[in-house]
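The listed protein sequences derive, respectively, from chains A and B. If you use our numbering, the first sequence closes out at 113, no skipped numbers anywhere. If you use our numbering, the second sequence closes out at 113, no skipped numbers anywhere.
Hints in this document: simulated from the structure, not taken from any laboratory. Heads up, a few of these hints could be off.
As the list claims (entries may be wrong) - 27 Å max Cα-Cα, derived DSSO-like pairs, lysine-lysine:
#1 A/Lys-57 - B/Lys-105
#2 A/Lys-9 - A/Lys-57
#3 B/Lys-56 - A/Lys-57
#4 B/Lys-68 - A/Lys-9
#5 B/Lys-105 - A/Lys-9
#6 B/Lys-68 - B/Lys-42
#7 B/Lys-68 - B/Lys-37
#8 B/Lys-71 - B/Lys-37
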Amino acid sequence: DSGVTQTPKHLITATGQRVTLRCSPRSGDLSVYWYQQSLDQGLQFLIQYYNGEERAKGNILERFSAQQFPDLHSELNLSSLELGDSALYFCASSVRQDNSPLHFGNGTRLTVT
Amino acid sequence: GESVGLHLPTLSVQEGDNSIINCAYSNSASDYFIWYKQESGKGPQFIIDIRSNMDKRQGQRVTVLLNKTVKHLSLQIAATQPGDSAVYFCAESDNSGYSTLTFGKGTMLLVSP
C-alpha cells in the first residue's frame with residue numbers, strides 16, 4: 001500500500017459531463033501529481049502541485065483543471081468529457097518537489113460512454 | 001485483469017532465471033531515473049531509482065545500470081519469481097528542479113513457474 005488514496009475507483013459517465021477525481025497524498029507528502037494512463041499513450045503527466053501551489057504543467061487539456069487544498073488533498077476536474085478521455089487517472093505524491101520517488105495511488109478508471 | 005497497454009514488448013522467463021529489462025531514454029538533460037512495477041489493477045509501484053552521478057545501484061534482488069553515453073537504462077532482477085510478473089516502466093526526470101517524470105512505454109515481464 002503506497003499510502004496514496006484515490007476515489008472513486010471506477011467512474012462511468014456520458015459525453016459532455018463533468019467529473020471530479022479525488023486524491024489524498026501520503027502523510028507528510030507536500031507534492032501531488034496527476035497522470036493519465038491510456039492504452040495508446042502510456043503514462044502522461046498532467047499537472048503538479050506543491051503545498052497548494054501549481055508547480056508544473058504537462059499535457060493537460062484546457063477542459064481539465066486541478067487544485068490542491070490546505071489539507072493537501074487534491075482534486076482533478078474533468079469537464080465536457082469526450083470518449084477519448086476514457087483512461088486511468090493516477091495521483092502520486094512525494095515529500096519534495098524536486099527529484100524524488102513518486103508514490104502512486106491505485107487510480108480512478110474513467111469510462112466515458 | 002486489466003491491461004495497461006497493448007503491444008508491449010514482452011519478456012518471458014522461467015522462475016529462478018535472472019531478468020534484464022532495458023530502456024532507452026532520449027533527453028540528455030535527464031539526471032534522475034526510476035523503475036516502476038505495475039501489476040494489473042494497481043498503480044505503479046516504486047522499485048529503485050538512480051541519479052546521473054551513478055552508474056549502478058543495487059537493491060534487494062534488483063540492480064539498475066545507467067549508461068549515460070548511450071542513454072540506456074536497465075533493470076536486472078535476480079532469481080525472478082512469479083510474483084515479479086508485471087509491466088515495468090522506466091521513467092526519467094530532467095534537472096528542472098521539479099519531479100515531473102516522463103515514462104517509457106513499458107515492458108511486460110511474464111514469469112513461468
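Assess, step by step, whether the Cα of A/Lys-57 is no farther than 27 Å from the Cα of B/Lys-105, and give holds or violated. holds (20 Å)
27 Å limit on alpha-carbon distance, applied to hinted pair B/Lys-56 and A/Lys-57: violated (31 Å)
Check the hint pairing A/Lys-9 with A/Lys-57 against an upper bound of 27 Å on the C-alpha distance. Holds, at roughly 24 Å.
Check the hint pairing B/Lys-105 with A/Lys-9 against an upper bound of 27 Å on the C-alpha distance. holds (23 Å)
Between the alpha carbons of B/Lys-68 and B/Lys-37, is the straight-line distance 27 Å or under? holds (23 Å)
Does B/Lys-42 sit within 27 Å of B/Lys-68, going by the straight-line distance between their CA atoms? Not satisfied, since the Cα-Cα distance of roughly 31 Å exceeds 27 Å.
Agreement of B/Lys-68 and A/Lys-9 with the hint, judged by alpha carbon distance not exceeding 27 Å: violated (39 Å)
Taking 27 Å as the top limit, are the C-alpha atoms of B/Lys-71 and B/Lys-37 close enough? Distance of about 21 Å is within 27 Å: holds.
The earlier numbered hints that this structure contradicts are 3, 4, 6.
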